[in-house]
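Q: What follows is the residue order along each chain.
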Amino acid sequence: MVLRRGNGVRLRYDACIIGAGADGLAAGAWLAARGLKVVVVERDSHAGGRCATRQFHPGFRASPFADELPEIPPAIFRALDLARRGAVFSCAAEPEPQPEADAIRAQLLARVFADAETPPQRRPLFAPRHARMRPWPGEDLAARSLADCGAAVPLDGGLCDPSLAGSAIALLAGVSAGMPAGGLGRLAEALRAAAEEAGAEISCGLEVTDIRRKRGRAVAAGLADGSEIAARAFISTLDLRRTFLSLFAWNELPRALIDLVGAFRAAPGTARLLLALAAPPDGSHNEAWRAPVRVASANAAEAYRAWRAGTVPDRPPATLRLVTAVDPFMAPQGCATLTVTLGAIPHTPFDGAWTHDKRNKLRDAALAIAEQALPGTIARLKAVEMIVPPDVENQLALSEGDLMGGDLSATQMLGFRPFPECAGTRTPVEGLYLAGPSSALGPLMTCAAGVAAATAVLADMDAGRLR
Amino acid sequence: MSGEVLVIGAGPSGLAAATYLARAGAHVIVLEAEAEVGGRCANRLGVGAFAVPSGPPALQALDPRVVKELKLARLGLAFAVRDLPLTGLRIDGKPLVLGRDLHEAHCAIAPLSQRDAERYGEFRRSQFDLARAMRAVWWEDGDLAREEHRRELHRLALTSAATLLESVFESDALKAAFAFDALAGGLSPSSAGSSLTLLWQAAQEMCGLQGAFAIPRGGPAALAGVLLKAAQNAGVEVRTGCKVTQLLLEDDAVTGAVVARGDVILAGTVLSSLSRRTTLLAFLPPGAAGFAVTHDLERPQPVGEGKLVLALNTLPAAFQQPARTVIAERLEDAAVAYAQASAGRVPSDPMLEATLLQTGAEPPFLLSVQIRPLPVEPVDPPGAFTTRLLQTVLRSLERHAPELTANVASFGLHPPQPCDRLTAAHITASWRERILTPVRGLFLCGDAAEPVPAVSCRAARIAAGFAAAEMKRGRP
Amino acid sequence: MSLLATPFHARAAELSRNNVWETRNGFTLASCYGRTDDEALAARFGAVLADISWHWRIEIAGLRAVEFVSRLFTRNPASLMPGMALEALWLNDAGAVRGAGTLARTGEDSFRLVAALEDADWIARAARLYGVTIADKTAAEGGLALIGPAASKVLDAAGLDGAPEPMSARRVSWRGLDVTLSRFGLGYELWCEPDIALIAWDRLVAAGQGWALRPAGQAALDILEFESGLMRAGRDYRPARDGFAPQPSPQSLGLGGLVDRSHIFNGRAGVFAGGPDSPLSGVLLDGEKPVPGAVLTHQGRALGRTLSSRFSPAMRCAIAFAIVPGTWPASGLMAGTMPCRAAALPFLPIPAPMDATEPSPAAV
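Protein chains in written order, with this note's numbering: chain A, 26 to 492; chain B, 143 to 618; chain C, 19 to 382.
Isolated chain A (complex conformation) (with noise of 0.2 Å):
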């Protein structure tokens, strides 16, 4: 839905949600089902974000970003009655067990929440500046190494040096939850109709250009056609980048703020290739390519390190997935569709952008692997996609096309995510509220980070902090 506004129009709402993602439309649902007036602003055409399907071959779809996203709490799944709202999931592939994993993830999930329901406390005069944190789930595992856990390194972003002490926090990252049926887009709808079902107003194509304060707190949000939109909170699913040094003038926020956003790391970008083949490959009606395939090639410390210098590694990390093995009408009648997830993919090489021989040879690279896997890919392909991280930067407006939102290193994640201030929702600046991959839980789960800001809103709202 597109608003038309004319000049200095000024509306009023309870709350207003940058970016209509997973995380902003879960948000605008779940502010709007509690009663409040909610509008979740899209600079694209159409909302989800990251959660679209593209027909980028006639007759062929995939899921540009990612097959499959982390896993949506099952409580928030079930409130928003995702499931009868088209957004069905095939089952996760079989994992590994990690119940360690899985428990510190579900703790997360508690003390974010926890935290979120609880107002900041008015600090006492001559009390500490920064309080002792209570300590944070998961602790112990940022002081692991992956290599000490025995796990293999998760891809989709999650790498990083396995030997390094404190890699271990990397298992927490993106588990995922099985692909939708028709892709990731199908979730977006759902979660569309969700938030409209509620009452919330979804408008699309209006860029939120800045935020205006009003003696330190977030009044209003400036758009791009010179309109505002006034609201008690607001809550920005973008990454910590564009929240911090985008949305606000370069001398309004304190210099110690501005230095740590400037220090928050970016993880590794993924390339992604979309190939249309005429034909499933040979020895793909293997029950094994149901499930996401890892090309047991990488040496992840390899990768990493030539990711770090700039460079395109040599032989990437890849994941090959054979979407049509599990949803056969994403492509024609006897066809096929082939993902192809390369990790450690640099933003901008050491050697300047990304230029078109720069793509065809990444292309190339992938093409190679997937023959190794699959032998007569190549033979049968009909169409190719290829969307790198600058991609991935322009069509989302993630920093760096970091689909994480920030490195999933030992100081970047549970209570330094994004810094401990900011640790889950709330931000130094009153009124405004962190969802989106930079948050906490923005890497782990899907929908939960919008989820604990709208919680958050409407905590503080109950205590009187919001006017």
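There may be inaccurate statements among the hints.
Said to hold, decoys possible - Here are the computed lysine to aspartate or glutamate pairs in the EDC-like style, where the Cα-Cα straight-line distance is at most 20 Å:
#1 LYS407(A) with ASP389(A)
#2 LYS155(C) with GLU77(C)
#3 LYS386(A) with GLU410(A)
#4 LYS210(B) with GLU282(B)
#5 LYS307(C) with ASP127(A)
#6 LYS307(C) with ASP106(A)
Claimed, not checked - Take a look, some chain A residues computed to stay more than 12 Å from chain C by CB distance:
#7 ARG68
#8 GLU164
#9 LEU278
#10 ASP416
#11 ASN419
Said to hold, decoys possible - So, partial list: chain B residues that the calculated Cβ filter (under 10 Å) puts toward chain C:
#12 ASP393
#13 LEU423
#14 PRO427
#15 ALA431
#16 THR436
#17 GLU440
The hints are simulated quantities; they were obtained by calculation from the structure and are not laboratory data.
Even glycine gets a Cβ: it sits at the ideal position worked out from N, Cα and C.
Given the coordinates of chain A, assemble chains B and C onto it according to the supplied hints.
A: Just chains B and C now, kept in the frame of chain A:
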């Protein structure tokens, strides 16, 4: 209120029902298969030169309200004997006479067992009390008011007659005296619910006396004649020689009947005094009565009651007084006899109830013997069955009256007829459940609707009431 | 464990990874081949193949078959053309449900009944009254169910042309095999003789390779039926086995829609005396543990009970059937100790086969 009503069967129930409906304003046609009316009361069983009814010679259950409302006394119904005492013949000793006078009964039982003599009065009083309370269920379309009666009824419904009698009495002679009555309706005396038949018999009333047996002057045929007169006076059309073969249905309502000749008689209401089995199985298209009902009715009761009438030249000493004489040695024999009859064999020691009738011509005496239990479908061919039955009964009678066989001038045998199964649930069911059928407009008004099969006309009166009410409501 | 194996048992034994079996109507069937959740969800993506040879089937034939069948079932089958079918109940004399099934007409005087629970004695006895023969065909043929959006595509790929219309059946000659194709339930059914059963299975699996066809066990079938709001005798309610018991009546089970009141059938008077229909509805629970037979309470007041319950992997919560007379409260409903809310059936859209003429869903 206009409307055609058909009544199938011109026995006492059929005629009574027809009369009631005619008095309520309906146009009633009674269809009778035989040439003469009366059913079990008509003199159809030939004994030498005489003809006697094929049913019991004495009435016990004729509803006094029917007698009053249809003014049967004015039309000529009178009773020759009003209260037949129960006499149990003993091989060893005097016959045991249990009359209405409790003191005399006490004296009669005391030589056998003092304890039983004391208990007999109590037993009879409590039975008659409960039986009077049960009239609310068995005479009206009502329910038991008091909780203790309901409990008592429930207990009796689970008790067999044998258990009941065993628990009250100890002397064989006294228990055996009730052996014949315990087999009423074709129930085994050791089956649950058979004590209900004893209770039901105690609930009946003849000539103002509870639990009495009375013989009308002229025999049961007189009752049939009187009822026919009442029916004809009320304007009922009785057609004899019309055997119904089929009932016509439209959807689930009855529309008429087809007679053997092929004639079709249309009527919106049909009352049948025939058995439930005949009415619902033989007359209706298959399944019209309901599959479970049809399945239940498929097999008739294997055990029934037969009648043997002996024309005697001289009166045997044992049968001197007018009495209802029961010939049974022990109560246990009844269960054994029942088992034998269920298997299709003539029991070696059946229970007999003999009543003496005087003819006023030659030969002068008729001994009417009701025999229970007898197989309805015997394994022997009819000739062999008759012979064996005759031999068995004569042997039993000879034990008490020697030289009886020599005095027999002629005999007549009415073999047991198939009838509906009797269950405790049927005896305690409501009148609606017994009279109404799954087919709309079809009612049962004869033995099938009575709690215990007997010549009563009570079911006919109530069924006529139901039918009249439905006709007034109009068929939807 | 029983000794009766369906004609497809050999394939089930090969494919079963966890060796989990269950007995239905005397047959041994795979409860799941791998993970139940996987199989139940696969039916919403591509298609699943399940063994339904355990369904009780009888052939009703005779000169008076139409009359008999008309009297037995609660809907009028006289107007069915050969090859068409209808769903109906059969009741006892007092109007209580004895069974539910699909009745198909196979000829002028012959019918075929497919039901989940057998009631051979009753129907045989009733048929004797009309001189109609009942032949039990359960052991004489095997049945496969093909359920999912890709079901019609799999049939096409296998060479079975012309998928049947809903509630119809026809015999097809399939490259030398004689099979019957029908569409009675959630998807298609294929019925064939035991000798060629395994060949039929293999052909379908080969055709389904391009359509993500997976074998599904009985537990997954149950979940699909549950999510589609279909009740089954034996699992969700106990049908009457007495000739005269008045419960369960069709209205109390929400099956009043399968009863044609203008038709004459056994037990009709009881249905009219039964009262209005209490519709079957669903309950969504806020948890993952099924709650069969739990008491539904609203603010301390008991409203009714849930019938049976399953975990739905697509909805990630436990679901249950329940019948509550009157209206459902808007909030505050509890099933036992778990909060829940009412939902109209079906819980999820039926995974019906997508027609060949329908365009595939447009891209976002």
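Q: Could you check the structure against the hints above and give me the numbers of any it violates, in ascending order?
A: none
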